[in-house]
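Visitor: The listed protein sequences correspond, in order, to chains L and G. Position 206 of the first sequence, counting from 1, maps to 615 under the numbering used here, and the rest follow consecutively. Position 147 of the second sequence, counting from 1, maps to 254 under the numbering used here, and the rest follow consecutively.
Honestly, the hints are just simulated from the structure, not real lab data. As the structure is a prediction and not an experimental result, all values here were calculated from the model. Yeah, the Cβ is synthetic: ideal placement off N, Cα and C, and Gly gets one too. Mixed in with the good hints there might be a few duds.
Covered stretches of chain G (in silico footprint by chain L; criterion: 3 or more residues with CB under 8 Å from a CB of chain L, positions within the stretch not fixed) [claimed, not checked]:
(1) 268 to 274
(2) 279 to 290
(3) 315 to 324
(4) 364 to 372
Short derived list, chain L residues pointing at chain G, Cβ under 7 Å [unchecked claim]:
(5) G460
(6) E461
(7) Y485
(8) M506
(9) I515
(10) R532
(11) H542
(12) F632
(13) N636
Some chain L residues flagged as far from chain G (calculated, every beta-carbon gap over 10 Å) [as the list claims (entries may be wrong)]:
(14) T412
(15) R426
(16) P436
(17) D539
(18) E582
(19) D613
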Amino acid sequence: MNTLSLDRVSVRYDVIRALEDISLTIPGGSVTGIIGPNGGGKSTLIKVIAGEVTDIDGVVQLDGAALDRSRTRIAYVPQAREVNWDFPLSAHDLVMMGLSRDLGWIRRPSMEDNRRVSAALERLGLGGMDDRHISQFSGGQQQRLFLARALIQRPDIVLLDEPMTGLDVTTRETIHSLIDEFVGSGAAVILASHDLDEVRQICDEVVCLNRRLIASGPTNATFTPENLRRTFGGRIAVFDAA
Amino acid sequence: MIELLTDPWTYPFMQRAFLEITIIGIATGLVGAFVVLRGLAFIGDALIHAVFPGLVLATILGYDIMLGAFIFGGATALGIGLASRNRRVSHDAAIGVIFAAFFAVGIIMVSARRGYSAEVTSLLFGNILAIDERDIAITAFLALAVVAAGLIFKRVFILIAFDRTLAASSGYPVFRLELLLLLLVTLTVVFSLQAIGNLLVLSLLVTPAAAARVLTDRLNRMIALSMAISAGSGIVGLYISFHLDISASGSIALATTAVFLTALAFAPQHGYLSRILQHRRGEHHEHHFHEPHEHREIEGAGESRSP
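The task is simple: from the sequences and hints, build the whole structure.
Guide: Now the structure itself:
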């Protein structure tokens, strides 16, 4: 269940090739890390799966059928620096967005929906902060707001774009335990990350991406110096020193 | 004193103007909130310029100016939508260049005709005092359609403005919805034309929503305030115009600007005055409104940087 497969997926922005001929399988009930250099297509791959980038060649399938995003529950946690924190939203508003798919076009949130939002905030240690504006949280708390939003979606697929960048220990631990929970419920968890140590620690599968697919498979087999060198080019020295 | 308020109402043309500006204000306030939240102010400006040759062409050919404006505006909205689809590159410069040119074409078409100055003045600056019942009926009909669509799609428009990726992954047709919003903006520009003019529509579309954003952090309150400020400034502008005998659309545009500047100065949280006072009192405000990244960077300091 929840096995995601990409078959010969390519994406072009104008003349720039962001992704070329990517074919891979991402199993449900496990964590898949996407690693690669900046501009290597990590975020683009996530946006292809999310359905934001639609102008693609190739196909994205879930369990052998074309991925239908109005039926599949796909959670998305953006990079913190891509978020417009000035947007007039309270914590409650932001988490409620996780129910967008269920609410459809016009249904108003019910008491039960509101209760679920508050419960999700509570779960992430932000109980009683429903009415606070999203800019009034610390960096770690802001990341937890988006995790609460993912949690409330009861997702089949979880997309995390650089979730660990610049976070305190508490929030990292929270993310790890939530990821475990998603995996336990059979979801395919996909995370793009710069943090190779973290990926090695928590990911079952690794995808090495540099516009083309360099390698993919179980972490132990794929996380080799050779693959990393081919993914990052000469810059692998930075990783070795870290 | 009370006559200052009641006097204008004794004239039927002023009654019609008050009604017209209220309808327009409600619609521009709502659509403007989406425009500001989605960061479309510049594209709104481009649409406004692109509409102008359509207006002129319709006038020359003897068609309804709204029709000409809508065709040109609609085509432009579609073009902007398609051009920005799935692209990372910002097309700001291209939009700026092309629509300045569009506008110039309109001006040349007007100037090639005799007696152009009166026409161009009314197309560019509107003439709300010359509005008749039929105009009001058309405006009301179109405004109702726009407001209904805006309210029905409110949550989805907000979702797209804040997080396109989640909107797409939740199964919404993001691209078509963005086109719909551009078309609503176009329609709003079109039915506001006769009253407020081609150029000053922007002051009703962007300024009230921007002022509302400064006044509150709450989404629904911001939208409601934007509508109230837009309609309210319209009415105040009309009073000023009546008593001082100056341009109505100019007065309305300046009334919205005055509200914006007042909000900027005195808003409870984001206003300059309250920030100065907070600073004087040495209050540590937890608010990160103006430096959202600072905190994260400090927290992230010492973390391994990307290779």
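Visitor: Run every hint past the structure and note whether it holds.
Guide: Against the structure, the hints:
With 7 residues having a beta carbon nearer than 8 Å to a beta carbon of chain L, the stretch 268 to 274 of chain G meets the requirement of three or more and the stated coverage holds. Against chain L, the stretch 279 to 290 of chain G contributes 3 residues with a C-beta closer than 8 Å to a partner C-beta. That satisfies the three-residue criterion, and the hint holds. Under the rule that three or more residues need a Cβ within less than 8 Å of chain L, the assignment of the stretch 315 to 324 of chain G holds, with 3 such residues. With 0 residues bearing a CB less than 8 Å from a CB of chain L, the stretch 364 to 372 of chain G misses the requirement of three and the coverage assertion fails.
With a least beta-carbon distance of about 4 Å to chain G, the hint placing G460/L at the interface is held under the 7 Å criterion. At its closest, the beta carbon of E461/L sits 4 Å from a beta carbon of chain G; the interface hint therefore holds under the 7 Å criterion. Annotation: Y485/L was flagged as interfacial toward chain G, and the flag holds, the nearest CB pair being 5 Å apart, inside 7 Å. Annotation: interface hint on M506/L holds; nearest CB of chain G at approximately 6 Å, less than 7 Å.
At its closest, the beta carbon of I515/L sits 6 Å from a beta carbon of chain G; the interface hint therefore holds under the 7 Å criterion. Because the beta carbon of R532/L sits about 19 Å from the nearest beta carbon in chain G, more than 7 Å, this interface hint is broken. Annotation: H542/L was flagged as interfacial toward chain G, and the flag holds, the nearest CB pair being 4 Å apart, inside 7 Å. Among the interface hints, the one on F632/L is violated; its C-beta lies about 15 Å from the nearest C-beta in chain G, farther than the 7 Å criterion.
Residue-level restraint check for N636/L is violated (minimum Cβ-Cβ distance to chain G is 14 Å; threshold 7 Å). Residue placement check: T412/L keeps its beta carbon more than 10 Å from all beta carbons of chain G (closest about 18 Å). Every CB of chain G lies more than 10 Å from the CB of R426/L, the least distance being 13 Å, so the non-interface label holds. At roughly 19 Å from the closest C-beta of chain G, the C-beta of P436/L stays outside 10 Å, upholding its exclusion from the interface.
No Cβ of chain G comes within 10 Å of the Cβ of D539/L; the nearest lies about 12 Å off, and the non-interface call holds. No beta-carbon of chain G is positioned within 10 Å of the beta-carbon of E582/L; the least distance is around 15 Å. No Cβ of chain G approaches the Cβ of D613/L within 10 Å, the least distance being about 22 Å, so the stated non-interface status holds.
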